[in-house]
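Novice: Sequence:
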Amino acid sequence: MNLHEFFAKLNEFPGDVLWGAVATAASLIGATFLGGWGLKSAISGTAHRDAKAEADLARLRANTAETDLEKLKLSQARAVERVQDLAIENSKLLSLVNTRQAGGAVEAQEAAIVADLRTRVSKFDALKDALFGAEDDLWRMKAPAPPEKFESRMRESRTRIVTIANLKGGVGKTTTAANLAAHFSIARGKRVLLIDFDYQGSLTRMMTLGVKIPLGSSILADALLGGEVDGKWTAQVSRELGASLPGMRLITCGPTFDSFENRILMRWLLGETSDDVRYRLAKLLLSQSVQDEFDLVIIDAPPRLSVGTVNALCASHAILVPTVPDRLSVDAVGRFLQRANAFRELNSSLLKVGIVACLTETTILKPHEAEAMDLARTSLDLWHGQGKVMETSVRHFTSLGRAAGREIGYLQDRTVRELFDKLGAEVAQQWQM
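Residue 433 is where the sequence shown ends in our numbering, and the numbering goes up by one at each step.
Honestly, I wouldn't trust all of these hints.
[Unchecked claim] Mimicking DSSO-like on lysine-lysine, the simulated pairs with C-alpha atoms at most 30 Å apart in a straight line are:
# : residue 1 : residue 2
1 : K422      : K388
2 : K168      : K142
3 : K422      : K366
4 : K142      : K190
[To be verified] Cβ-Cβ distance ranges computed for the label pairs, FRET-style:
# : residue 1 : residue 2 : range
5 : P367      : G189      : 20 to 30 Å
6 : A370      : G271      : 45 to 55 Å
7 : G226      : E107      : 33 to 43 Å
It is worth saying that the hints were derived from the structure and are not from the lab.
All C-beta atoms in this analysis are idealised placements derived from N, C-alpha and C, irrespective of residue type, glycine included.
Throw the hints in and build the complete structure from the sequences for me.
Specialist: What follows is the structure, encoded as structure tokens:
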């Protein structure tokens with residue numbers, strides 16, 4: 001083995017073992033030198049002194065090696081301690097990072113809660129402002145979000161949609177709606193869908209008692225505005241009204257409808273609906289199923305701007321306003337038409353309006369009645385020539401009162417039928433129906 005191989009072998013030993021071997025070897029070498037030099041001292045004093053010096057040097061080197069070994073062990077111990085200290089510091093740092101991250105998550109969660117509370121407060125503030133403001137502003141406080149291609153579909157609709165409304169009650173709305181629908185169904189062979197949106201259910205009772213439909217039957221108007229049915233459902237589930245009214249169907253209404261409307265309104269104002277509730281009826285009536293099934297839709301609206309009335313205005317092509325021809329009632333007509341005109345921002349196809357005198361004493365208006373209707377005519381100025389006071393007036397017939405609870409007057413009395421045939425012809429000519 002040469003020196004290079006020898007030192008290579010030495011490098012394979014651990015440091016502490018190597019230095020121990022060095023120390024032992026140094027001791028043995030020292031002893032050997034001492035023994036050797038002891039024998040030689042008898043021969044030569046000089047040689048003895050040289051041997052002693054060499055032995056001392058060997059001991060010094062051995063001691064130095066031991067000292068270096070101790071220093072190395074001490075350095076190793078300190079290095080281990082430093083590594084342990086670093087591990088502790090790293091653990092503390094990691095804990096601090098985790099704590100800060102947790103704190104950041106808490107802060108983010110708190111920020112999200114604060115943002116949610118601010119949104120809720122904003123919604124309630126908007127709701128408060130809407131409820132304490134004008135009723136018209138309430139319904140126009142949000143930008144319109146109509147169904148896809150709403151304006152073009154309204155213009156191209158083959159089904160004509162007419163709302164019969166007035167914000168004043170007791171003026172003959174339901175009587176006009178029922179008998180006019182009967183005219184278009186019987187005299188003109190139109191397929192008519194009649195919709196009752198008044199929670200009092202007067203139209204429903206008038207139409208269903210004659211064909212023996214139970215009063216307790218389901219209120220279809222709820223589903224119609226609930227946003228969960230489609231046009232096919234509307235066409236299939238609406239009530240048939242018997243052989244005497246062929247091709248005519250009814251969406252019924254009842255006493256729980258007003259609370260249902262209020263819930264829809266609150267949810268919409270609070271932003272809890274995914275759609276614009278003002279267009280739910282329009283979406284159904286513009287569906288292909290309804291367009292294929294009906295030629296005409298007539299809506300009997302309640303005397304207030306309810307969810308049903310607003311949906312009717314946002315879905316209609318025309319409004320017919322029945323009124324008693326007196327000053328008080330005609331003033332109400334003007335206010336209603338002014339408010340209805342504002343809904344043309346939501347429905348640009350709401351172009352036609354007609355006013356019809358109802359509950360008159362004769363078919364020819366008396367001077368005070370004619371004067372009142374002239375005043376009503378001035379309320380049509382906002383409609384840019386698209387409004388008309390109908391020449392036909394609906395007088396108060398005793399037979400209309402007797403018909404309640406049995407069948408509508410159109411089916412019972414020839415005079416009533418002739419009157420509504422005349423009114424129907426005027427409406428059809430004016431509105432191209």
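Novice: Hint by hint, say whether it matches the structure.
Specialist: Status of the hints after comparison with the structure:
A distance of roughly 15 Å separates the Cα atoms of K422 and K388; the hinted pair therefore holds under the 30 Å criterion. Taken as a hint, the K168 and K142 pair is honoured in the structure, with Cα atoms around 26 Å apart against an allowance of 30 Å. Restraint check for K422 and K366: the C-alpha separation of about 20 Å stays at or below 30 Å, so the hint holds. Between the alpha carbons of K142 and K190 the distance comes to roughly 37 Å, so the proposed pair goes past 30 Å and is violated.
For P367 paired with G189, a C-beta distance near 40 Å fails the hint of 20 to 30 Å. Between A370 and G271 the beta carbon distance is about 50 Å. The supplied range of 45 to 55 Å therefore holds. Separation of G226 from E107 is about 42 Å and conforms to the stated range, judged on CB atoms against 33 to 43 Å.
Hint compliance for this structure: hints 4, 5 are broken, all remaining hints hold.
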